Amino acid sequence: MKKLKLTDIARGEDTQLIEINPNELIPLPPPYDRVEALPGFKQLTEEQRGRLVCNLDGVVSYAALPKTKNKEEEKKYVEQFVSGMKKLLSKENNWTFLQPLLLSIDYCAQCQTCCDACPIYLASGRNDLYRPTYRSEIFRRLVNKYVRPVGKLRAKLSGGDIELNWTTITRLYELSYRCNLCRRCAQSCPMGVDNALITRELRKLFSQELGWAPKELHEKGTVLQLEVGSPTGLRPDVAIDNLQFLDEEFTEATGTKVSTPWDKEGADILLIHSAGDIISFPEGPISFSIICNAAGINWTLSSEIPGYDGVNYGVFYDDVQLARVAIRHAQIAKKLGVKKIVMGECGHQHKAFMTVADRVLTGDLDIPRESVMTFLENLVFSGKIKFDPSKNNFPVTLHDPCNVVRNLGIVEPQRRILRYLCPQFREMTPHGVDNYCCGGGGGLSVMSDVNFTDWKVHVAGRMKFKQVLEAFADRPGSEVKKYICAPCLNCKLQFRDLLDYYGAREKSGIICGGLAELIVNAMVDVKKPFIQWEEL
Amino acid sequence: MAQMELAGNTYEVDENGFMQETDRWNEDVARAYAALEDVNELTEEHWTAINYLRNYYLGNGICPMIRRLIKESGFKLSKLYELFPNGPAQSACKWAGVPKPTGCV
Numbered sequence: 001m002k003k004l005k006l007t008d009i010a011r012g013e014d015t016q017l018i019e020i021n022p023n024e025l026i027p028l029p030p031p032y033d034r035v036e037a038l039p040g041f042k043q044l045t046e047e048q049r050g051r052l053v054c055n056l057d058g059v060v061s062y063a064a065l066p067k068t069k070n071k072e073e074e075k076k077y078v079e080q081f082v083s084g085m086k087k088l089l090s091k092e093n094n095w096t097f098l099q100p101l102l103l104s105i106d107y108c109a110q111c112q113t114c115c116d117a118c119p120i121y122l123a124s125g126r127n128d129l130y131r132p133t134y135r136s137e138i139f140r141r142l143v144n145k146y147v148r149p150v151g152k153l154r155a156k157l158s159g160g161d162i163e164l165n166w167t168t169i170t171r172l173y174e175l176s177y178r179c180n181l182c183r184r185c186a187q188s189c190p191m192g193v194d195n196a197l198i199t200r201e202l203r204k205l206f207s208q209e210l211g212w213a214p215k216e217l218h219e220k221g222t223v224l225q226l227e228v229g230s231p232t233g234l235r236p237d238v239a240i241d242n243l244q245f246l247d248e249e250f251t252e253a254t255g256t257k258v259s260t261p262w263d264k265e266g267a268d269i270l271l272i273h274s275a276g277d278i279i280s281f282p283e284g285p286i287s288f289s290i291i292c293n294a295a296g297i298n299w300t301l302s303s304e305i306p307g308y309d310g311v312n313y314g315v316f317y318d319d320v321q322l323a324r325v326a327i328r329h330a331q332i333a334k335k336l337g338v339k340k341i342v343m344g345e346c347g348h349q350h351k352a353f354m355t356v357a358d359r360v361l362t363g364d365l366d367i368p369r370e371s372v373m374t375f376l377e378n379l380v381f382s383g384k385i386k387f388d389p390s391k392n393n394f395p396v397t398l399h400d401p402c403n404v405v406r407n408l409g410i411v412e413p414q415r416r417i418l419r420y421l422c423p424q425f426r427e428m429t430p431h432g433v434d435n436y437c438c439g440g441g442g443g444l445s446v447m448s449d450v451n452f453t454d455w456k457v458h459v460a461g462r463m464k465f466k467q468v469l470e471a472f473a474d475r476p477g478s479e480v481k482k483y484i485c486a487p488c489l490n491c492k493l494q495f496r497d498l499l500d501y502y503g504a505r506e507k508s509g510i511i512c513g514g515l516a517e518l519i520v521n522a523m524v525d526v527k528k529p530f531i532q533w534e535e536l
Numbered sequence: 001m002a003q004m005e006l007a008g009n010t011y012e013v014d015e016n017g018f019m020q021e022t023d024r025w026n027e028d029v030a031r032a033y034a035a036l037e038d039v040n041e042l043t044e045e046h047w048t049a050i051n052y053l054r055n056y057y058l059g060n061g062i063c064p065m066i067r068r069l070i071k072e073s074g075f076k077l078s079k080l081y082e083l084f085p086n087g088p089a090q091s092a093c094k095w096a097g098v099p100k101p102t103g104c105v
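First to last, the protein sequences are chains A and B. Going by the numbering used here, the final residue of the first sequence carries number 536, and the count climbs one at a time with no gaps. Going by the numbering used here, the final residue of the second sequence carries number 105, and the count climbs one at a time with no gaps.
One chain only, chain A, in its complex shape (with noise of 0.2 Å):
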């Protein structure tokens, strides 16, 4: 593999600084091993060589990135690089990460401790590219040249000066979307160094100042979420009529009475579920209509925008969208007048509503939230509901969403539950707080332009599934079903792609369902079978 020195982001222009080669890819264990037989990485042809920008790895993640060569136009994007490293570093223009910033700025030792932690560097095959500190020490050089006093001076006499041009610049770009936002990396150093946090800044830097980010995070993210609702497009009539529609469908299905309450002032809890769950894994919610019923829990869900969808992609890239975003929720909270907002199976919800977004949160907007994984602790453990975990008696494994379980520490309710209505229940290794992310983390779950679904399942997913097929190596084959419990929405979709692009529901008889799906597969009054092992 091509060693790459830092300086090399700088030189080449339009070439393409690495290829990624499938074979030198850490292995997966059979029958995922062989590379022939899989269906391959999808390369970008000639013509979207010509049209789209794609110098860093043949991977392009925003179709819409500006393809110029006129020098006064990279000049331009040049100045607003700066201004926005300036902005980083400023009291005034960074209410949520300066100090953190800063500290990951100045105090790194070049040690590599981090690398070792990084799984898309250690599935990628060792690839410089992918060392989480290629980035940031890029971006530390940048910042110490172009922002802090003498300091072209000082990187002229340093020998490893970088020059921000049109190529620095968009590769830069592409690079800080080749990162889950995991912040393995973050937990493994000695000086508390967050490269996770370096990168999430960068992206800032390119949609506040550029206007440059996912149109998944932004355009069709965050803008429609505040516009329409919902990222997903889900219109709050659509989300009413849709649950309606669910509430039938599996008062059907299971012979119980399933109903889910809408607006309902003075409740005490709402529920934020991700709409995106209403729509691909209605089993989630529904799940929850039925629990809390059964415990008789005094809830509702919002029909106003954006209160029935949690999720905030503004954690992922700009902090006014985020802010906007947390501020609308409790907004919502406050004027129904609940005692306490439950977040739902989503990680980055979490994230954002616990921790982020408090700086903005006060006053009467401070209302209590809760974590789902405590919520659905409680009313299991509550006797209030019968169960016979032999209905669950099937191997099952258990995902951490990096944002509830390393970087909230909210590790053991969900074992505690798994552990008591799961029989064949199975730790993953490493687990807990030094899981490995699902490679769907920072946004990528939901991205999915030109070739970038190819990456996330070769690369970034990748010591993912390699953990799942080894917690699950004692009963490998289809007829033996298994369930990886995701409790996240956007770990479930990249554990959908990576299941469906090696075909491991067929082959390893493996599916992925949240965590009250599995509590009310094991309800004594839920007559028949809740969880569907075929498809419809």
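Some clues are possibly wrong.
Said to hold, decoys possible - In silico BS3-like pairs for lysine-lysine, Cα to Cα no more than 27 Å straight-line:
{"no.": "1", "chain 1": "A", "residue 1": "Lys507", "chain 2": "B", "residue 2": "Lys79"}
{"no.": "2", "chain 1": "A", "residue 1": "Lys528", "chain 2": "B", "residue 2": "Lys71"}
{"no.": "3", "chain 1": "A", "residue 1": "Lys5", "chain 2": "B", "residue 2": "Lys76"}
{"no.": "4", "chain 1": "A", "residue 1": "Lys76", "chain 2": "A", "residue 2": "Lys215"}
Stated by the list, open to error - Label-pair ranges, simulated between beta-carbon atoms:
{"no.": "5", "chain 1": "B", "residue 1": "Asp28", "chain 2": "A", "residue 2": "Pro389", "range": "54 to 62 Å"}
{"no.": "6", "chain 1": "B", "residue 1": "Asp28", "chain 2": "A", "residue 2": "Pro29", "range": "18 to 26 Å"}
{"no.": "7", "chain 1": "A", "residue 1": "Lys386", "chain 2": "B", "residue 2": "Asp38", "range": "49 to 57 Å"}
{"no.": "8", "chain 1": "A", "residue 1": "Lys481", "chain 2": "B", "residue 2": "Lys79", "range": "19 to 27 Å"}
{"no.": "9", "chain 1": "A", "residue 1": "Lys152", "chain 2": "B", "residue 2": "Leu58", "range": "14 to 22 Å"}
Rather than coming from a laboratory, the hints here were simulated on the basis of the structure. Nothing here was measured: the structure is a model prediction, and the numbers come from that model. All residues carry an ideal CB built from backbone N, CA and C; glycine is no exception.
Using the hints provided, position chain B relative to the given structure of chain A.
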């Protein structure tokens, strides 16, 4: 923006080939998409699914849930994969001229 020629006309599409100007769709566009996936004749059953998807999208601004598509078209998922080689989201929606579903779906 990428472009694609379908049934003799040029259309704006995304990088995965989904039409961006849904009001310019017609039945020949659906046939042209199908031919690219080696389906050379669209049957009554294809049209039932395509028309259902298209009408649902135009009325609701979003593609229907799979469950709903199955219930209201009367086709099981396996049947939908028989009709549309890459499935309801990647083939049927594309042939029906509606944008690719995005945003956590």
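Evaluation of the provided hints:
A distance of roughly 21 Å separates the Cα atoms of Lys507(A) and Lys79(B); the hinted pair therefore holds under the 27 Å criterion. Annotation: proposed proximity of Lys528(A) to Lys71(B) holds, straight-line Cα distance about 20 Å (limit 27 Å). Simply put, Lys5(A) and Lys76(B) have alpha-carbon atoms about 54 Å apart, too far for the 27 Å limit, and the pair is violated. About 22 Å separates the Cα atoms of Lys76(A) and Lys215(A), which keeps this hinted pair within 27 Å; it holds.
Roughly 57 Å separates the CB atoms of Asp28(B) and Pro389(A), a value that falls within the hinted 54 to 62 Å. Between Asp28(B) and Pro29(A) the beta carbons are some 47 Å apart, a value that contradicts the proposed interval 18 to 26 Å. Between Lys386(A) and Asp38(B) the C-beta distance comes to about 53 Å, which sits within the given range of 49 to 57 Å. For Lys481(A) paired with Lys79(B), a C-beta distance near 23 Å keeps the hint of 19 to 27 Å intact.
Separation of Lys152(A) from Leu58(B) is about 57 Å and departs from the stated range, judged on CB atoms against 14 to 22 Å.
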